[in-house]
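Take a look at the letters that make up each chain.
There are 2 protein chains.
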Amino acid sequence: MIDDRFLYERISRRLLEQIGAGTFAVGQKLPSVRRMSALFKVSVNTVMQSYRHLEAEGYLDIRPQSGVYVRSSDVHDIPEPDGSRYPLLPVEVSLSEQVLQYMELHADPAMVRLGIALPGPEVLPVDRVMATLRDVTRHHALEAWDYMHPNGCPLFTHHLARRSLSYPVPVTAEDIIVTSGAMEALSLALRSVSRPGDTVAVESPTYYGALLLLETHQRKVVEVPTHARHGISLSALEQVFRRGGVAACLVSPNAQNPLGFTMSLERKAALVALSERYQVPLIENDVWGDTVYGEEAAAPAKAFDRAGLVLYCSSFSKSLMPGLRIGWAAAGRFQKRFRELKQLSTITSTSISQIAMGRLLESGFYAQHLRELRERLHDQVNAMAKEVRRCFPPGTRLTRPTGGCVLWVRLPGGVDTVALFQRAAARGVHVFPGGVFSLDGKHADYLRLNAGSPLTPPVRRALRWLGETAAELAAAGPRREA
Amino acid sequence: MIDDRFLYERISRRLLEQIGAGTFAVGQKLPSVRRMSALFKVSVNTVMQSYRHLEAEGYLDIRPQSGVYVRSSDVHDIPEPDGSRYPLLPVEVSLSEQVLQYMELHADPAMVRLGIALPGPEVLPVDRVMATLRDVTRHHALEAWDYMHPNGCPLFTHHLARRSLSYPVPVTAEDIIVTSGAMEALSLALRSVSRPGDTVAVESPTYYGALLLLETHQRKVVEVPTHARHGISLSALEQVFRRGGVAACLVSPNAQNPLGFTMSLERKAALVALSERYQVPLIENDVWGDTVYGEEAAAPAKAFDRAGLVLYCSSFSKSLMPGLRIGWAAAGRFQKRFRELKQLSTITSTSISQIAMGRLLESGFYAQHLRELRERLHDQVNAMAKEVRRCFPPGTRLTRPTGGCVLWVRLPGGVDTVALFQRAAARGVHVFPGGVFSLDGKHADYLRLNAGSPLTPPVRRALRWLGETAAELAAAGPRREA
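Residue numbers (numbering that gives the first Met the number 0), protein chains in the order written: chain A, 0 to 481; chain E, 0 to 481.
The following block holds chain A by itself, in its conformation from the complex (with noise of 0.2 angstroms):
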């Protein structure tokens, strides 16, 4: 099944690759199903998933009885990464206390929220939630009373483990600790095979947490230059890992945040053959990989871990609610050292939290949640963006995100985002400027937008207010407001 996808992912690949680079302009009809099938040595079937693929994603058009067009050509609309910018050397982190300011503005229930990435609770299913913590309360009182065993509730990792069944190595219930959310996970996964002073390999931009959690753990960071629609540069990454030194990369290869892509596949095997290779431990970050849009679950790149180099870590807090504090690892070889760490960090994690997480994957219900979450946040982030188009300034770029509910935003003219950001909160509305998902300032011109409430009328009004705001920041020139 796998290899089956690898073909037609490998196909759709190419084909974007060459209507980026103008081989096929929009309007103009593509090979016939039959020659592509030739050409590529591939099944007429897998041409035809391909081309279904490329049209549920808005490039093409299928028209019965004439052929496949191409319909839109906007595939890199993200600049490439500027490999000058990237001398791929370690450097400490060392970002402002501002970016804790930036953080606490979602405290504030009166702000327009498109700072912190999170879906709102219009598309998560609060009621749901709450009523299965009751019946915690009414049916395991004594077990949610007392500290939870170590490695967390059985019935949940028992769940989590059947949901890696499918994959080329799937984790089992004895792999898996719960956390106190993903960002506990990540501590602890950087703890686990890292020291202060090491350096570790990130994707640029990267979640600032990450950066941030490098910082005050006295880790060195490599930024490794990383594609809006493709991930992580593997070639640069073997650069890094070739030249060693590298204690352990931290990659999100689901719907990555601020990015918004998913790996293929084949790159997500790559990635993690290139860990084995070189034996530098993987911290996948998958906070976001439930949110992925489509039918089915996207696997991570720990799906390939034969070596158990990968320490997997995710939460529900993106996909479910941010208040349970439950995230969860799987850290492979490392995993008795983690759990040393995790049990001296908070001991256990929430008992009622895991119990009613064990119950939703029990009953079915988060899986059948997670298929109607992703249509929403799908058609909230194609919402925003067009929203977004419309109100921005010309030249303004932006991704077309595979999962999650960011909209990574570049704007014209050099704007420094940190003065959007500044003039934004006091109209009360929240953003995220993007100089800290990166070093020495390589995104500050970019803005992150949260897409994951519908798009209310003062959320419009918010949109229309910082495209003009951008506007006339642009037309100042360029600058840093202090």
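Simulated from the structure, these hints should not be mistaken for lab results.
Note that the coordinates shown come from a computational prediction; the quantities given were computed from them, not determined experimentally.
Idealized CB from N, CA, C, for every residue including glycine.
Check each hint, because a few of them may be wrong.
[As the list claims (entries may be wrong)] Quick list of in silico lysine-lysine cross-link-like pairs, BS3-like style, CA-CA up to 27 angstroms:
#1 E:Lys-335 <-> A:Lys-219
#2 A:Lys-335 <-> E:Lys-219
#3 E:Lys-219 <-> A:Lys-219
#4 A:Lys-40 <-> A:Lys-28
#5 E:Lys-441 <-> E:Lys-219
#6 A:Lys-335 <-> A:Lys-219
#7 E:Lys-28 <-> E:Lys-441
#8 A:Lys-219 <-> A:Lys-40
#9 A:Lys-385 <-> A:Lys-441
[Unchecked claim] Computed beta-carbon distance windows for the label pairs:
#10 A:Ser-71 <-> E:Pro-108: 56 to 62 angstroms
#11 E:Pro-453 <-> A:Glu-374: 52 to 58 angstroms
#12 A:Arg-161 <-> E:Arg-242: 41 to 47 angstroms
Fit chain E to the given chain A structure using the hints.
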């Protein structure tokens, strides 16, 4: 008020020293109140306060119309720390991974639970907490769903702060950061004031979790001799501070685990003064503070922290419900760093637990519950102590705790209690060997027993069996089993 308590405590301690030294034997009459008042130059009331206190602790009998008589001289049942075993030099912690195995048995519900230090569900208001959690799911669903404010739920921190109103230096809501249990608080406090390779002074014996924490964070340790009734030796601590090179001191002045002492207010103030004089931060683990026996809540060392050098850590795991995973810290002048570390450890702590705790404090229920809890724990500890004296071999010595629910028991004959632990585990009885509460086997012949639950027939049987087995092991002579 504090000065008055100092006076009566000073007199009580002086009397206890005399009783312990045999100056007044059991059955003997003490000087009259009037005579004592003249001797110590204090009011008659203060002497009466002291006599009543010692009567409540079981040392004196006050017989109306007759006088005050010594009832028990069992004052220093646990021997004084052996100074020759305390070089007061930094050493690396290396406690075996067995400790985590010792802890794990707690997860087996079939065990007789004498291992983990924890009041049982019989003495904690499980139903009321569950009802409150249910209430939160109904009336605060959105708040419970979301990430909580990074510092914690305002209702909760506000009521936490209120409890310190009578302290010489009260804590304000702004000083507080909610954590995922006390372990996270201790871990963040440690990281806020020290770095790998630094040295931390600790009580000896001390909670094994603290030693493991120091090990896992690569801190060195100076063990300071600690008296079973008076607490850490302030003169030895000053010697350590004076020599320099100590980054912090980790103490537990209230109902310390495992010794069960509560430092007098005077000694707490002196401890804080010492920290201030030498500018060494104090990390105060007050997780047992709410269980100190008596009508009034015991003030922590933090109550005297004018200089902001005390990093106070507590939780509700030992006084209400461990499964909540809710603790809190007041990190004084280190609060900014502490908060940064907290956000990169678990971001925020479980929302539903915080809101529920806020409500239980607000309604006065928690305070009311504590009064009952202290009484029941005191009774249970006394009942278990009586049973141990009855069932254990001659020469067994044990503490007379002032709070909490553990007994610290020294077996005769140089028995290594790991052997007892192993035999007990095989028999379905969970106890904790004493060796892991200090380094170099100083307490290898000690055993910690949890008296958190009533003395049911299975517990009585377990104690009888433990006593018999301890006698067998003692008869077999000193040895260590693998």
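Comparing the hints with the structure gives:
1. E:Lys-335 <-> A:Lys-219: 23 angstroms, holds
2. A:Lys-335 <-> E:Lys-219: 23 angstroms, holds
3. E:Lys-219 <-> A:Lys-219: 25 angstroms, holds
4. A:Lys-40 <-> A:Lys-28: Given that 27 angstroms is the threshold and the Cα spacing comes to 21 angstroms, the pair holds.
5. E:Lys-441 <-> E:Lys-219: Answer holds: Lys-441 of chain E to Lys-219 of chain E is near 17 angstroms, not above 27 angstroms.
6. A:Lys-335 <-> A:Lys-219: 25 angstroms, holds
7. E:Lys-28 <-> E:Lys-441: 38 angstroms, violated
8. A:Lys-219 <-> A:Lys-40: 46 angstroms, violated
9. A:Lys-385 <-> A:Lys-441: 26 angstroms, holds
10. A:Ser-71 <-> E:Pro-108: 56 to 62 angstroms: For Ser-71 of chain A and Pro-108 of chain E the Cβ distance comes to about 59 angstroms; the hint holds.
11. E:Pro-453 <-> A:Glu-374: 52 to 58 angstroms: 55 angstroms, holds
12. A:Arg-161 <-> E:Arg-242: 41 to 47 angstroms: 57 angstroms, violated
Hints 7, 8, 12 from the earlier list are contradicted by this structure; the remaining hints agree with it.
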